[in-house]
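K.L.:
In order, the protein sequences belong to chains U and B.
This note's numbering applies: residue 1142 is where the first sequence begins, and numbers increase by one.
This note's numbering applies: residue 1142 is where the second sequence begins, and numbers increase by one.
Hints are supplied without guarantee of correctness; some may be wrong.
Each pair may be met inside one copy or between any two copies, as identical chains are not told apart.
Here are the simulated DSBU-like cross-link-like pairs (lysine-lysine), alpha carbons at most 30 angstroms apart as the crow flies [claimed, not checked]:
#1 Lys1289 / Lys1331
#2 Lys1308 / Lys1297
#3 Lys1186 / Lys1308
#4 Lys1289 / Lys1302
#5 Lys1205 / Lys1308
#6 Lys1186 / Lys1208
These are calculated hints, taken from the structure and not from any lab test.
There are 2 protein chains.
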Amino acid sequence: VRAAMAGWARAVRGLLLDVSGVLYDSGADGGVPIAGSAEAVRRIKASGLKLRFCTNETQATREKFVKKLQGLGFDISVAEVTAPAPAACSILKERGLRPHLLVHNDLLPEFAEIDKTNPNCVVIGDAAENFTYANLNEAFRVLIGMEKPVLISLGKGRYYKETDGLKLDVGAYMKALEYACDVQAEVVGKPSKRFFESALAEMGLPPEQ
Amino acid sequence: VRAAMAGWARAVRGLLLDVSGVLYDSGADGGVPIAGSAEAVRRIKASGLKLRFCTNETQATREKFVKKLQGLGFDISVAEVTAPAPAACSILKERGLRPHLLVHNDLLPEFAEIDKTNPNCVVIGDAAENFTYANLNEAFRVLIGMEKPVLISLGKGRYYKETDGLKLDVGAYMKALEYACDVQAEVVGKPSKRFFESALAEMGLPPEQ
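Work out the full structure: start from the sequences and follow the hints.
P.N.:
Have a look at this one:
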């Protein structure tokens, strides 16, 4: 086993790191770093390995997310982060899709460059307080009004924990819209294969490395 | 065909009638009767056939629902109505279940006699404006906190139309909770077999009549 591991380690030229729950524990106060993780990031970078941070964070722009992590002591920059919203933006551009957005207010700047007039798809993220009865009905009406509804979901998490308790995640609301419109959402973000592939492409490495 | 129909008609001793969309069209103003339907109800009753009204209405008590239909000119009484909430109440009593309710305020009186302390199940109806982010998280926490979550849904409709547009129905929110908790809801109301059977039992007739 050790020989196989050593062989594997020699082939590896880059790492994808999860963030929430791996580098830090989130919370209403901004969260706390997990012991040793900031040092681990420094050592990976010093070793010459390529590194990308791969997150399903959709409650904030990468800028805000990175600023928080820098404040917790991490050596991280916006250019090193792969996140669902920018991945969705590249899909929207590629396919000429104009989204109706049901996302967190703090995520809106990620879609600033995207044409949102006369929507021909719905993009749903972890909208949190924006998951109101009115907003869900509105997103539903946009979808059901399409000849062939296109629903893009920034993740498919079931729920997550915050300091004040468990919260339903984007996956639950995605299922509600899927059922109402009899469609299947296209999931951007982990564990979608395309999401990991785009992170690798950004590192310039093939999967086996 | 005519002979077969005549034979079938001779065997029939009772009828189950749908209400919304059959006897009247609903709307914010209370709705309008469908032409000829009030007269049809009178003729069925005059013919000596047994009659029950079978509805998936979960936004109001039977009392309120019947009062509205009487106002529209229908010969109908509370004792003639089979609806999901009372059907759910008989299941709750039978199984010793104490519900956490996520339902419309106007439906609450139907559950007045039910013990709701220390809940061991969740009952979801078309809660409309009560489908808030906070209320959905609360219902979810009650469910996920159970060793074996029990979710009872007063219907599984996808959506319906009101005068101000389409609205997501209880089925969509049921799917959200099902996914988040990895459970399957027990659906009370049409098209559940048990629901129709209880309507027949209330009429005192077997299915073939």
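K.L.:
Next step is simple, just say for each hint if it's right about the structure.
P.N.:
A quick look at each hint next to the structure:
1. Lys1289 / Lys1331: Classified as both; 25 angstroms inside a copy, 28 angstroms across copies.
2. Lys1308 / Lys1297: both (13 angstroms within a copy, 23 angstroms between copies)
3. Lys1186 / Lys1308: neither (35 angstroms within a copy, 51 angstroms between copies)
4. Lys1289 / Lys1302: between (35 angstroms within a copy, 20 angstroms between copies)
5. Lys1205 / Lys1308: within (21 angstroms within a copy, 35 angstroms between copies)
6. Lys1186 / Lys1208: within (19 angstroms within a copy, 73 angstroms between copies)
Checked against the numbered hints given earlier, this structure breaks only hint 3.
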